[in-house]
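S.K.: Work the whole structure out from these sequences, hints included.
Listed in order, the protein sequences are those of chains A and B.
With the working numbering applied, the first sequence covers 1 to 341.
With the working numbering applied, the second sequence covers 1 to 441.
These are computed hints drawn from the structure, not numbers from a lab.
Ideal Cβ placement from N, Cα and C applies to all residues, glycine included.
Be aware that one or more of the hints could be misleading.
[Claimed, not checked] Subject to a maximum C-alpha distance of 27 Å in a straight line, what follows is the list of computed BS3-like cross-link-like pairs (lysine-lysine):
{"id": "1", "chain 1": "B", "residue 1": "K8", "chain 2": "B", "residue 2": "K248"}
{"id": "2", "chain 1": "B", "residue 1": "K162", "chain 2": "B", "residue 2": "K8"}
{"id": "3", "chain 1": "B", "residue 1": "K42", "chain 2": "A", "residue 2": "K217"}
{"id": "4", "chain 1": "B", "residue 1": "K8", "chain 2": "A", "residue 2": "K120"}
{"id": "5", "chain 1": "B", "residue 1": "K240", "chain 2": "B", "residue 2": "K252"}
{"id": "6", "chain 1": "B", "residue 1": "K84", "chain 2": "B", "residue 2": "K327"}
[Claimed, not checked] Estimated spans, in silico, between C-beta atoms of each pair:
{"id": "7", "chain 1": "A", "residue 1": "P303", "chain 2": "B", "residue 2": "M294", "range": "29 to 39 Å"}
{"id": "8", "chain 1": "B", "residue 1": "L37", "chain 2": "A", "residue 2": "E251", "range": "49 to 59 Å"}
{"id": "9", "chain 1": "B", "residue 1": "A276", "chain 2": "A", "residue 2": "D156", "range": "25 to 35 Å"}
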Amino acid sequence: MQFGSGGYLPPAHSTFGGCGLPHCQIAEKQKTYDNGSKKLPDPSIRLNGVNWPAKIEDDGARSPIENRQFKGVLMEKGKAKKNKKFGMVIDLDKCTGCGSCMVACMAENNVSFREDETDKLLSVTWMRVYKLTNGKPFPDSEICYLPRPCMHCEADHGHSPCVSVCPATATDYDMNTGIVSQIYTRCFGCRYCMAACPYQVRVFNWYDPVWPDGMEKMLSPNVSVRMRGVVEKCSFCFHRYQLAKDKAYYEGRQDLEEDEYQTACTQACPASAITFGNLNDPDHAITQIVRPDHQLGGRSKNPRAFRLLERLGANPKVYYLSNREWVRHSGDNYRPDEVKL
Amino acid sequence: MDSALIPKGVKRCSIGQFILGIGLVGVVLLWGVFAMLLCWLKGLNQTNMNNAYGFAMWIWADLAVIALGGGAFFTGFLRYIIGKDELKNIINYAVLIGFICYSSALLILAIDVGQPLRGWFIFWHANVHSMLTEVAFCITCYFGVLCIEYVPLVLENRQIDKVPFFHNLSHNMHEIMAIFAATGTFLSFFHQGSLGGVPGVLFGRPFGFREGVFIWPWTFFLFIWSAAAAGPCFTILVTKITEAVTRKKLVKDNVIELLAKISGWMLLTYSIAKIADTWQWATATAPSKGFNLMDFYSNNPLYGIWVLILEIGICGVLPAIILVSNKGRKTAGALWAAVILASLGVCLNRWVMVLQVLAVPVLPFTNWNMYAPSWQEVATTILPVAYGVILIMFSYRYLPIFPQEQELNPVEPPAPQEQQAVSKPETPSDAQEAELKPAEA
Chain A
1 MQFGSGGYLP PAHSTFGGCG LPHCQIAEKQ KTYDNGSKKL PDPSIRLNGV NWPAKIEDDG
61 ARSPIENRQF KGVLMEKGKA KKNKKFGMVI DLDKCTGCGS CMVACMAENN VSFREDETDK
121 LLSVTWMRVY KLTNGKPFPD SEICYLPRPC MHCEADHGHS PCVSVCPATA TDYDMNTGIV
181 SQIYTRCFGC RYCMAACPYQ VRVFNWYDPV WPDGMEKMLS PNVSVRMRGV VEKCSFCFHR
241 YQLAKDKAYY EGRQDLEEDE YQTACTQACP ASAITFGNLN DPDHAITQIV RPDHQLGGRS
301 KNPRAFRLLE RLGANPKVYY LSNREWVRHS GDNYRPDEVK L
Chain B
1 MDSALIPKGV KRCSIGQFIL GIGLVGVVLL WGVFAMLLCW LKGLNQTNMN NAYGFAMWIW
61 ADLAVIALGG GAFFTGFLRY IIGKDELKNI INYAVLIGFI CYSSALLILA IDVGQPLRGW
121 FIFWHANVHS MLTEVAFCIT CYFGVLCIEY VPLVLENRQI DKVPFFHNLS HNMHEIMAIF
181 AATGTFLSFF HQGSLGGVPG VLFGRPFGFR EGVFIWPWTF FLFIWSAAAA GPCFTILVTK
241 ITEAVTRKKL VKDNVIELLA KISGWMLLTY SIAKIADTWQ WATATAPSKG FNLMDFYSNN
301 PLYGIWVLIL EIGICGVLPA IILVSNKGRK TAGALWAAVI LASLGVCLNR WVMVLQVLAV
361 PVLPFTNWNM YAPSWQEVAT TILPVAYGVI LIMFSYRYLP IFPQEQELNP VEPPAPQEQQ
421 AVSKPETPSD AQEAELKPAE A
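M.R.: In structure tokens:
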């Protein structure tokens, strides 16, 4: 590995063809290493009722309907190839409310805290666990713990509630990963995003971040510490994604394995209640559990699954699972005439 | 001591009384400045805002003063674009009130943001999708326009006006004021609307969210409308308060009545539009998100249905009916009540559209968020009021704000000897003064 002004390059990069730049070298290497030869496989895609070859040759002889389908295939292929959509599914029937996810998140992301944390509305908490009850008296009373990270809403074309309102473009929806980012050094603390977020995910640094003496040595060098007067929130441990990408790049790979990028809360959960992955990758566990319908904003086809405040149309990428109807019902607002439990 | 600075033909209180008044208001101003410095130096932990209440009293104050300052753009629009000539007798004061309101809004914003030194990011890294971006650009530009509108007034000070350059500058600025009035109207329409869009686009907040036309929610238009209706009411109210404090009639009744009549019709049509909007929201928009109307007005210690009745009925329809009726406008008590109610109504509307939006629980397993401002928030909100009073005191004392004041309050003719001295200018400067008459608004 070489560190310098130009970053680092994979070893023996000059043995590959292409334009000579690292991205071409990686692409060439990918073809050779993954498939054993320099030829890509030819998986046919069945879409819109038509079998389209992976390598599409345009002879121009298509009806208008076929033409639209042809373009659709091109778009789908491009999307499947490039875009990821990271999401999370949390099995509420498994969650014990232990709070490990909260602790792991705070430690991983250098989340600051104060000596007096009695006022939770002033606390900086990226992952918060809510306690839900069914409101019934003993012996019918039930409780459920609901961990709530950032929902990384997609809404329409990435216009998630918070992203579209930020006046300084300090928060952004990444079309490549589906992650809503927060640029701390650009945020000037107007808090419009906090007003826009219905999940109360965004928190403001009301105080200077101060750690007890010596504890600052425990801070992660991969996550920048936020200053007073800016908004912060869960990033799906984006720095882990960057580290995993760096590692893959160094090893000459373009794509990550499922387990190479996992959030801290996912790994810390002792009950394995949290599953994290790429919702656009059918091989990932999350996709198999959630079965998202991308035509309907990612709504789950799994009858056990639901999303918080589905009716608002924010299209969050955090899903919840429960066999209990009252828990699923707790995820959204309903008029009395709509649902009766 | 300062008689040379006071406009001719008008009477002002003694300098001692004036300084005493400035001193009293100045104490309040200093209290606000102290709170402001605390917020800047120690951060926004000095407030009672929290993660559930990211927007609170300051944003309400911003929206409220901008709505109340709407009298400047709408009176300017009526005077210069529509051609209501009588309003030239109140346009100076409307501009001054607008100037105070908008400069106050900018000051409050500077305190409100977590990182004030990064305030320029809103221009540098502007997000064209954000309503706040549009607000920032338009408010800043319009404040520039208000400065341009206020400058000729300052140049009309008796001593400044003696300088030929300033006299001519003032005159020429008056000549082209229609251009600035039109610019101001255009900018105002957009930022009043954008402020309405701030809660209207929050599709994650069913209490504030509204459908609309293209990218503009209905609140965009309602905010313009309400500012155009209530802004002139506030101008009338402040004029009436000034008249009460100075114990003088400063603007003729026909001017006040004309502005009140136009405001009344604006308020009446606005109230109808607001009722229609509320009906649509209560019966279609909110239910589609899973809410009934009463979900927004129950299970909390403050926000009951009375808020809606007070805002639309008592502070909307009632003053509108008073102002559109000839008798209501001509009855002093009714006029006072109407302009006070209209001003309160627009403030209440802004409060609701900022604070109640955040108070209403959206997640089904959370509760109402209640908020009471800290003394620092109160002090910094009163700070602009004190600043406004001081600016009005200085402007009233030294500038010809009210063109009709001299006519309405003739000063007793001076003793014969003094009259002789006045009629015969002895020094060159006096002669020059006699030649240069102040430019007319």
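S.K.: Now tell me, hint by hint, if it's right for this structure.
M.R.: Each hint tested on the structure:
About 16 Å separates the Cα atoms of K8(B) and K248(B), which keeps this hinted pair within 27 Å; it holds. With a C-alpha separation of about 13 Å, the suggested pairing of K162(B) with K8(B) holds against the 27 Å cut-off. Only pairs whose Cα atoms come within 27 Å are accepted, and K42(B) paired with K217(A) is accepted, the gap being roughly 26 Å. Annotation: proposed proximity of K8(B) to K120(A) is violated, straight-line Cα distance about 62 Å (limit 27 Å).
Taken as a hint, the K240(B) and K252(B) pair is honoured in the structure, with Cα atoms around 11 Å apart against an allowance of 27 Å. Of the supplied pair hints, the one linking K84(B) and K327(B) holds, its CA atoms being roughly 22 Å apart against a limit of 27 Å. A beta carbon spacing of about 32 Å between P303(A) and M294(B) agrees with the range 29 to 39 Å that was offered as a hint. Between L37(B) and E251(A) the beta carbons are some 55 Å apart, a value that agrees with the proposed interval 49 to 59 Å.
Between A276(B) and D156(A) the C-beta distance comes to about 27 Å, which sits within the given range of 25 to 35 Å.
Checked against the numbered hints above, the structure violates only hint 4.
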